[in-house]
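K.L.:
Here are the chains, one letter per residue:
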Amino acid sequence: MAATQAGKRGRTGRFAPYALVLPGWVWLALFFVAPIASVVSMSLMTGSLGAGYSFTFEVGNYTRALGLYWEQILRSLLYGGLATLLCIAIGYPVAYWIAFKGGAYKTTYLLLVLLPFFVSFVLRTISWGFILSDNGVILGALKGLGVLPADFGVLNSATAVVFGLAYNFLPFMVLPIYAVLERMDHRVVEAAHDLYAGRVQAFVRVVLPMSLPGVFAGVIMVFIPTSADYVTATVLGGTGNTMIGKVIQTQYLVNNAYPLAAAITFVLMAVLLIGIFSYAKALGTEQVMEVQAR
Amino acid sequence: MLGLSTMTAAGLALSACGVEGQGGESATAEGFWDGKESNGRLTFANWPLYMDPDKPELKAFTEETGIKVDYDEAIQDNPSFFGKIQPMLAQSEPIGYDLMVLTNGIELNKLMELNYLAPLDHAKLPNFAEHAADIYKNTSYDPGNRYTIPYASGITGIAYNPEYVDREITSIKDLWDTAFKDKVGMFADPQELANFGLFYNGVKPADSTERDWIDAADALQEQRDKGLVRRYYSQDYIQPLSNGDIWMSMAWSGDIFQQNAEQGTNLQFVVPEEGATLWSDNMMIPFTAKNPVDALMLMDFFYDPEIAAGLTEYINYITPVPKSREVLRDKAAKASGEDKEWLERVIDSPLVYPTDEDYEKLHNYVPITSNNEEKFAPLFLSVSQS
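Here the protein sequences line up with chains Y and D, keeping their order.
Under our numbering, the residues of the first sequence are numbered 157 to 450, in order.
Under our numbering, the residues of the second sequence are numbered 89 to 474, in order.
Hints may be right or wrong, so weigh each one.
[Claimed, not checked] With a straight-line cut-off of 30 Å between C-alpha atoms, the simulated DSSO-like cross-links for lysine-lysine are: (1) D:K225 to D:K292; (2) Y:K299 to D:K314; (3) D:K463 to D:K261; (4) D:K156 to D:K419; (5) D:K269 to Y:K299; (6) D:K411 to D:K449.
[As the list claims (entries may be wrong)] Here are a few chain D residues that face chain Y, going by a calculated C-beta distance under 8 Å: (7) Q164; (8) G171; (9) Q174; (10) P175; (11) Q179; (12) K198; (13) M200; (14) R312; (15) R319; (16) G332; (17) D333; (18) S474.
Keep in mind the hints are simulated off the structure, nothing from the lab.
Note that beta-carbon positions come from the ideal geometry of N, C-alpha and C, so glycine has one too.
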């Protein structure tokens, strides 16, 4: 009797780990594999909404996607990259300050970083349109004082788009860097000082390398969504600032050119994946794993 | 955000169903309506702010007919609404709405081409027959009103802000004048943008050929290359125009009327001498509707001059029922104070009741079908999106 029960428990035990990861696999299959398979198969189809689409292994969609929109793809990577750099430049000191100097108010400061997130993303971007307006609160006042020439403008330019992107995704950079810095053993820094490292040396040779996994996570979390973003460039951009996300949206919803749109989507995804993996390689895969483990 | 989720949904739906394109069979009016009866209710999909929030028109309809109306401001723009309903219509499934309002253009053409719309039974549209103005009775996009009748119309023309522009604007050519460098707003929509390029070249959109489209795109590209265009707007051009980020822009008549009336701005709206376009938002019934008879009754109800007048008083777009103006005049005569002022403003505005001269300058859109769409849209998207 007892033996059978033990045997039963053993058998369940063997399957338990698989059962436990099952939700993860189902989630991945449903929300990652299925959509990607659908995008890839759509990107190789021909036809129209009226006549229906059929799978013809049409590679031409890809050559068209690249031929027509290479400029917007490059532009998106450039804007995303610049916004990511801006986020590091602004976000790192913020995270550093909160982690090391925040004291008892760390949570408050973090909440302040997150506070803008309680307002809709689109709404915040639109309000930047008001703030940056040619005769708005800032430029209007500066023009009134004679600091800026009357025809000076920021809105509807690449500058506005890059700053808008950086603004919208800043917390995604601050949080992972903060998480790493906050857990850092401060005695390591003290040890550096004991070994005659100045403040700069201690930062460059000790703190910075140890915080790189946080920066890496931040870069991924900022670079990918900013490169694919279409709201910010639509609201704050002008002529010549169209990003690839907007092109994809237009091809899907305005032109109903589903195969072409799917091809652009997949090209963008491939470019981003290749970019991320070469970046991971350059930085050392160990650190990537470390980030993933967190 | 909304757009992204819609498109994934569309992609999934398409791949899931093996991507069928064809719709219902081309049905005749008689065949479609055989055996259909009023069910005492219907659902109505419309655009935001396209009816007084208290819905007096729908209340009147329910009072008169006993039919209950479920009103849903479900339509934000034509392409994404089309993207939402297309997969369901392709499966011959109900879309959840019995009556919907879409603008003339590519999506509406596709709906008609794919036989996704119920053919109208004009015997049941007596108000329409009696009260609709001629121009709305035989539109270029739906000859003989086989599937649609207009809900409201508007003009795409030029609006400018006289605070910054110190001369009278009369011509499409003004949008190409380098004196307004970086201060011109154009529309991102390929059809709207194309129309203005065609007018610039002296071509009527409805008669245009492929050659004309290429020339129009060239003219628009030249306008862009000269640095005139600040941005290609989807619809948020009013605020920049009011605060001087742009000085003149392609514009919709109703927007300008409302902005001036509500915000006290003095924006000027012009029907340029080369011409402008008249567009219509049209009521139609999807062929899978569960309550088509009730929907048809409501469609006709909007052509009662009293009802049309009430609607016009609130939405300030052009009504297809000219008689509504008399109704509003009677009402203004009895009203006083602010109400009277408002009513007179609506009655006298050429933006709500265009003059005959204006009507003569108004044109239809380029007729786009799925055959020529691939040659049309990319030309103009490459101007606005590169």
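K.L.:
Let me know if the C-beta of S474 of chain D comes in closer than 8 Å to any C-beta of chain Y, holds or violated.
P.N.:
Nearest chain Y Cβ about 7 Å off; hint holds.
K.L.:
Between K156 of chain D and K419 of chain D, is the straight-line Cα distance small enough, at 30 Å or below?
P.N.:
holds (28 Å)
K.L.:
Does M200 of chain D hold up as a contact with chain Y if the rule is Cβ-Cβ below 8 Å?
P.N.:
violated (11 Å)
K.L.:
Do the numbers back the hint for G332 of chain D, that is, is its least Cβ distance to chain Y under 8 Å?
P.N.:
holds (5 Å)
K.L.:
Holds or violated: is there a CB of chain Y closer than 8 Å to the CB of G171 of chain D?
P.N.:
Since the shortest Cβ distance to chain Y is 5 Å, the answer is holds.
K.L.:
Are the Cα atoms of K411 of chain D and K449 of chain D separated by 30 Å or less?
P.N.:
holds (22 Å)
K.L.:
Does K198 of chain D meet its interface restraint, that is, does its C-beta lie within less than 8 Å of any C-beta in chain Y?
P.N.:
holds (6 Å)
K.L.:
Just to be careful: measuring from the Cβ of Q164 of chain D to every Cβ in chain Y, is the smallest value less than 8 Å?
P.N.:
Since chain Y brings no Cβ nearer than about 11 Å to Q164 of chain D, farther than 8 Å, the hint is violated.
K.L.:
Holds or violated: K463 of chain D with K261 of chain D, Cα cutoff 30 Å?
P.N.:
Distance of about 26 Å is within 30 Å: holds.
K.L.:
Taken at face value, is the distance from the CA of K314 of chain D to the CA of K299 of chain Y at most 30 Å?
P.N.:
holds (25 Å)
K.L.:
Does D333 of chain D hold up as a contact with chain Y if the rule is Cβ-Cβ below 8 Å?
P.N.:
D333 of chain D check passes; min Cβ-Cβ to chain Y is 5 Å, inside 8 Å.
K.L.:
Is it true that the CA of K225 of chain D sits at most 30 Å from the CA of K292 of chain D?
P.N.:
holds (21 Å)
In this structure, the earlier hints numbered 7, 10, 11, 13 are contradicted, and the remaining ones agree with it.
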